[in-house]
Amino acid sequence: MATLRDIKQRIKGVKSTQQITKAMKMVAAAKLRRATEAILNARPYARKIQTLLSHLASDDDLISNPLFITRDVKKVAVVVVTADRGLCGAFNTNIIREATRYINEELQAQNISHSLFCLGKKGSDYFSKRNYNVVQKYPGIFSSLNYSIAQRLSDQLIAGFMNGEFDKVILIFNEFKSIIQQKIVVEQFLPIPIEGNTKKEIHAEANYIYEPDQKAIFEYLIPKHLKAQLWRVLLESNAAEFAARMTAMDNATTNAKELIRTLNLKYNKERQAAITKEILEIVSGANALKAS
Amino acid sequence: MSELSLEIISPAKQVFSGEIKSITVPGTKGRFQVLKNHAPIISTFEIGLIKVDLTDKTRYFATAGGTIEVLNNKVLILADSIESSDEIDLERAVKAKERAEKRLQEKSKDIDVERAQAALARALNRIRIKETYNG
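Taken in order, these protein sequences are the chains called L and D. Mapping of the first sequence onto my numbering: position 126 corresponds to residue 1349, and the numbering continues sequentially without gaps. Mapping of the second sequence onto my numbering: position 44 corresponds to residue 48, and the numbering continues sequentially without gaps.
Worth flagging that the hints you see were computed from the coordinates, not collected in a lab. Mixed in with the good hints there might be a few duds.
[To be verified] Covered stretches of chain D (in silico footprint by chain L; criterion: 3 or more residues with CB under 8 Å from a CB of chain L, positions within the stretch not fixed):
#, region
1, 43-57
2, 79-87
[Claimed, not checked] With a Cα cut of at most 20 Å, we get these calculated SDA-like pairs of lysine to any residue:
#, chain 1, residue 1, chain 2, residue 2
3, L, K1447, D, G69
4, L, K1447, D, S85
5, L, K1271, D, V117
6, D, K17, L, N1369
Fair warning: this is a prediction, and the values are worked out from it, not measured in the lab. We treat Cβ as the ideally placed atom computed from N, Cα and C, and that holds for glycine.
Assemble the whole structure, with the sequences as input and the hints as a guide.
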């Protein structure tokens, strides 16, 4: 049986937890605003460069570029983007589960080997503790997210793809859809997926002038395109993380509130019971005195 | 009658969007100007100055290179980095310049000369544009 003091202690504990979750929610909300802004600003560039590339890429001779050619897949590089920190609901769990499923069911089941690139501390920790082939870890990148990380990683991926370390590069990350919704996306990074043929017509119609020439522009744009895509992925995940944390902390705060309410009720009931008991004792004591 | 519309986008943000009279970019094969009804063109451009003529004023941008596409009176600039002349942080540019110069002077083996030179060119470009057009 919990004494009054125990309950009081408990309420105090829950209250301080609630304060922390509340503060974390506020912090996440503030960071989310900045992260959303960043992703909304980065999306147009990533999209436009893709369109531009498809305007250029429609000629068949350019499809011969090695970065576009699908090879026999024996080795796949899997880039998993998680968060650096926990306390954001099922954010990390979901992405790790999807990555594990992908590696086990789609790669190992068909005897395809994998190389893991882990972005974010949580994924790095998880996969390096288990029996996975982690090639490179990038823990702690989200505390100071900048373009050079996207640059470094894409250079590394392109180089690995070109010299045959892997035949395909897959990105697994959380896409930021809205504050209450994150979507796990499995996306092919290399070879560069070719969009539908609808763009060909524009190309034929427009008859562009190219300066210096088509091939040079094309080759100039490809790495930029890949970097922009990776950068977008990092920002997506970053925004999604804050959104997930905000929701999780909001739930925690609401739960704490509910818990405090029930504890208070219990406390008051106990207190009332104690008072009643005391009065009863006094009254019966007085009665006993009167009777004698 | 459709006007010439311009969109300038960098990886960090959309820098400009709106109707313009003309735009001049430092193309890889030489500076060129785009007016209304320009033929479709895709070109890369280098570090330098982008001049945009609006109906009532002229705006200047410092860029570190990128691509321009013109199609059906729509101009799309995808720049690696671009800043309007009033946004340039002169102090930062001067510091970048000094850093690059120092690196080039030291000539140690572990520096990327090409990168340092590019950084220097970018910084000089920024300083020049800031001082010329935002006095």
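So, going through the hints one by one against the coordinates:
1. 43-57: holds (count 6)
2. 79-87: holds (count 3)
3. L/K1447 x D/G69: holds (12 Å)
4. L/K1447 x D/S85: holds (12 Å)
5. L/K1271 x D/V117: With Cα atoms ~32 Å apart, L/K1271 and D/V117 exceed 20 Å; violated.
6. D/K17 x L/N1369: Cα-Cα ~14 Å, so holds.
Checked against the numbered hints above, the structure violates only hint 5.
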